[in-house]
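Chemist: From first to last, the protein sequence lines stand for chains A and B. The first sequence begins at 181 in the working numbering and counts up by one. The second sequence begins at 181 in the working numbering and counts up by one.
Keep in mind that the hints were calculated from the coordinates and are not lab data.
Since copy identity is lost for identical chains, a pair holds within one copy or between any two.
Here are the simulated DSBU-like pairs of lysine-lysine, each with C-alpha atoms no more than 35 Å apart in a straight line:
(1) K397 - K379
(2) K413 - K302
(3) K397 - K207
(4) K397 - K378
(5) K207 - K413
(6) K279 - K302
(7) K279 - K300
(8) K441 - K543
Number of protein chains: 2
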Amino acid sequence: MAERERVVLKFGGTSVADLDRIRAVAKIVAHEADKGVGVVAVVSAMAGETNRLVALCSQAGDADPALDAHGYEYDTIVSSGEQVTAGLLALILQNSGRKARSWLGWQAPLVTDDAHGRAKIKRIDPGPIGAAIDGGEIAIVAGFQGIDEAGRISTLGRGGSDTTAAAFAAALDAARCDIYTDVDGVYTTDPRINRAAKKMSRIAYEEMLEMAALGAKVLQTRSVELAMAHSVKLRVLSSFGEIGAENPGTVICSEDSIVEKNVVSAVTLSRSEAKISLLSVPDHPGAAADIFTLLGDGGVNVDMIVQSPARSGDAANISFTMGEDDLTRAENALLESQSRIGFEKIISNSDVVKVSVIGVGMKSHTGVAATMFRTLADNAINIHNIATSEIKISVLIDSRYAELAVRALHTAYGLDAAA
Amino acid sequence: MAERERVVLKFGGTSVADLDRIRAVAKIVAHEADKGVGVVAVVSAMAGETNRLVALCSQAGDADPALDAHGYEYDTIVSSGEQVTAGLLALILQNSGRKARSWLGWQAPLVTDDAHGRAKIKRIDPGPIGAAIDGGEIAIVAGFQGIDEAGRISTLGRGGSDTTAAAFAAALDAARCDIYTDVDGVYTTDPRINRAAKKMSRIAYEEMLEMAALGAKVLQTRSVELAMAHSVKLRVLSSFGEIGAENPGTVICSEDSIVEKNVVSAVTLSRSEAKISLLSVPDHPGAAADIFTLLGDGGVNVDMIVQSPARSGDAANISFTMGEDDLTRAENALLESQSRIGFEKIISNSDVVKVSVIGVGMKSHTGVAATMFRTLADNAINIHNIATSEIKISVLIDSRYAELAVRALHTAYGLDAAA
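Could you put the whole structure together from the sequences, leaning on the hints where they help?
Modeler: Next up, the structure:
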């Protein structure tokens with residue numbers, strides 16, 4: 181049992197973009213500490229710094245993958261960004277008369293596997309930092325980084341500071357984990373697309389996971405998974421507001437903690453989608469398996485799959501979607517194997533987007549899909565592909581209808597803010 | 181006993197200024213490794229990087245000295261510069277098919293005391309890096325940094341990478357320690373002042389120590405002390421030449437290894453000098469002690485001291501020199517205590533320089549001082565103060581005579597290169 185309540189605060193790159201911003205963050209951290217709770221602040225690199233370091237690594241050249249060494253040095257280099265921010269925030273807090281110190285990944289320690297560049301957390305020793313914050317010292321943790329069992333620096337991959345924060349909140353049994361960012365919470369849809377978007381006061385972990393997977397960039401998926409697994413109360417809020425002002429943000433919590441559930445909580449849009457259709461694939465057992473094994477081996481992450489009978493008797497048309505970045509790779513892999521697979525024609529389309537509606541209330545309500553399809557039909561929007569899960573329905577549509585679809589669905593599910 | 185011969189190479193900031201320079205350094209390192217020796221390369225931060233990081237620390241503000249915390253975070257921040265260079269050099273070597281890895285101070289480990297920002301090395305564990313290089317892997321060591329007993333990152337102060345290199349050479353029982361820099365060796369005097377300056381093939385540790393203390397910037401004093409204490413053969417040479425070309429540089433070794441000793445080996449010039457004269461100090465016991473205690477407490481490093489009787493009976497004039505940076509501090513300290521010390525007048529002069537002649541041969545030769553004073557007199561150069569040690573004679577003269585004095589002395593002691 182911790183001696184006193186603990187909170188974890190996380191500040192992303194735009195929140196620590198320069199010394200002025202780091203000073204503003206120091207005020208937020210000090211304000212929390214003044215409430216008498218134990219404070220851990222997890223920081224990202226200053227905006228642009230990680231890109232600069234990654235560019236240096238690329239220019240130095242990729243190491244021979246056979247050596248498996250690229251990741252070690254990449255992590256040693258790139259982790260220095262968070263190291264600098266953590267030291268600066270600690271310095272500024274000390275300067276304002278606070279007890280504070282920086283903790284690098286290897287000092288905490290936060291131990292990871294050795295998948296360098298995208299390492300997974302194995303364990304955190306809560307002892308040293310727990311003792312420090314119980315003793316009234318503010319702990320500034322360099323996000324995104326850890327140490328592998330061999331004593332080399334590791335990193336968790338892009339967005340890893342969210343995961344660092346959630347993991348420390350779990351390890352330290354923190355009352356909550358506040359993710360400070362440049363928006364003031366999670367919205368029912370992207371406010372830049374739809375001015376009727378509303379900030380949500382609460383959202384379930386499962387919904388947030390779907391939102392993160394479906395294009396909302398506010399939180400890293402792994403951090404939400406971790407928080408869900410350990411029942412860490414996450415909160416997304418802005419670091420740009422006035423200190424002490426009302427700043428509730430959006431709480432991400434278990435479905436049970438949400439009293440009034442909407443059937444649909446949010447509408448998301450993912451623009452970086454592409455679609456491939458294979459026409460007249462011979463319809464024998466294992467044909468689809470061949471295709472998707474081929475793509476999987478080529479590192480292509482396939483999403484919505486639709487199979488339908490082709491006009492000619494013993495053949496099928498197969499279409500599927502993937503991230504736009506994977507399109508060329510997928511086309512090349514398929515064309516190389518065209519004779520073996522035996523499809524007649526390949527049609528690619530990257531002028532498509534994925535629109536999704538998400539809500540835990542869907543589980544217990546019928547007619548959600550019907551409302552979606554009717555709304556799109558009413559707006560003359562044609563649906564290419566459909567994918568569903570227990571709490572979301574996604575459709576692939578032409579890019580030009582993206583904003584129209586988002587706005588129409590937002591209205592149809594009663595999400596519009598009062599004008 | 182090491183399995184095979186080991187060498188330590190050190191590359192300063194200008195030698196690793198950008199990726200092109202680091203690639204050139206990788207070629208030098210690979211060339212050494214190809215000789216079948218175990219190679220440790222110690223690197224500084226890329227030129228300008230340490231200044232950038234130090235500026236960030238200053239802008240973040242000095243922490244309350246009472247917390248003694250400034251050094252901890254300063255070291256965490258500033259050490260990231262060498263961390264990045266070490267990773268990049270290791271990456272580039274891996275890319276060219278070599279086995280290489282970076283070693284940070286805490287990984288080696290290089291353990292220091294906790295005088296952060298100017299830490300002293302307590303010990304180096306030669307085991308891990310020794311095993312790595314015996315196994316044919318090139319060890320890239322981040323210079324300038326270590327770890328204190330509490331597990332915090334420490335730094336050795338400016339120029340600390342020279343010291344890191346000498347310390348690793350001692351710990352690993354290396355055959356030699358090559359200090360690569362932007363000049364091709366140690367000269368009998370600054371070639372920018374005197375075109376007749378000659379590169380020395382050998383110089384004794386003691387001479388190099390005096391040269392470093394007296395204004396030559398080629399090597400950090402502590403690295404020479406360390407090398408001397410552990411009989412490490414140091415060599416200063418250029419990283420900007422052609423790989424494999426004749427590049428002997430200057431060897432710094434014990435006096436015994438130098439067969440043909442010059443009476444005077446080098447002439448140095450230090451411009452950042454200042455002089456204070458106190459007139460009519462009451463000549464009672466302890467007066468001088470009072471003055472220099474006062475200055476020592478104020479952090480002023482006093483050098484050449486001359487005391488002479490004042491015109492009036494029971495008083496003395498006391499003059500002394502110090503670094504130009506300390507002049508204002510010294511003046512203020514003395515003026516505050518003028519009534520207590522009782523001197524009549526204070527005269528300051530920062531328009532002075534220190535010219536020194538250095539040579540281990542002085543120990544066994546007479547007439548060295550006489551030659552110096554006669555040469556200066558022949559050129560109508562007035563001497564303010566004189567200081568001597570077993571192997572050097574320094575004089576303080578007016579700044580305007582600096583170059584004239586250096587050139588005249590260089591000729592007088594037979595050091596001029598054949599035209």
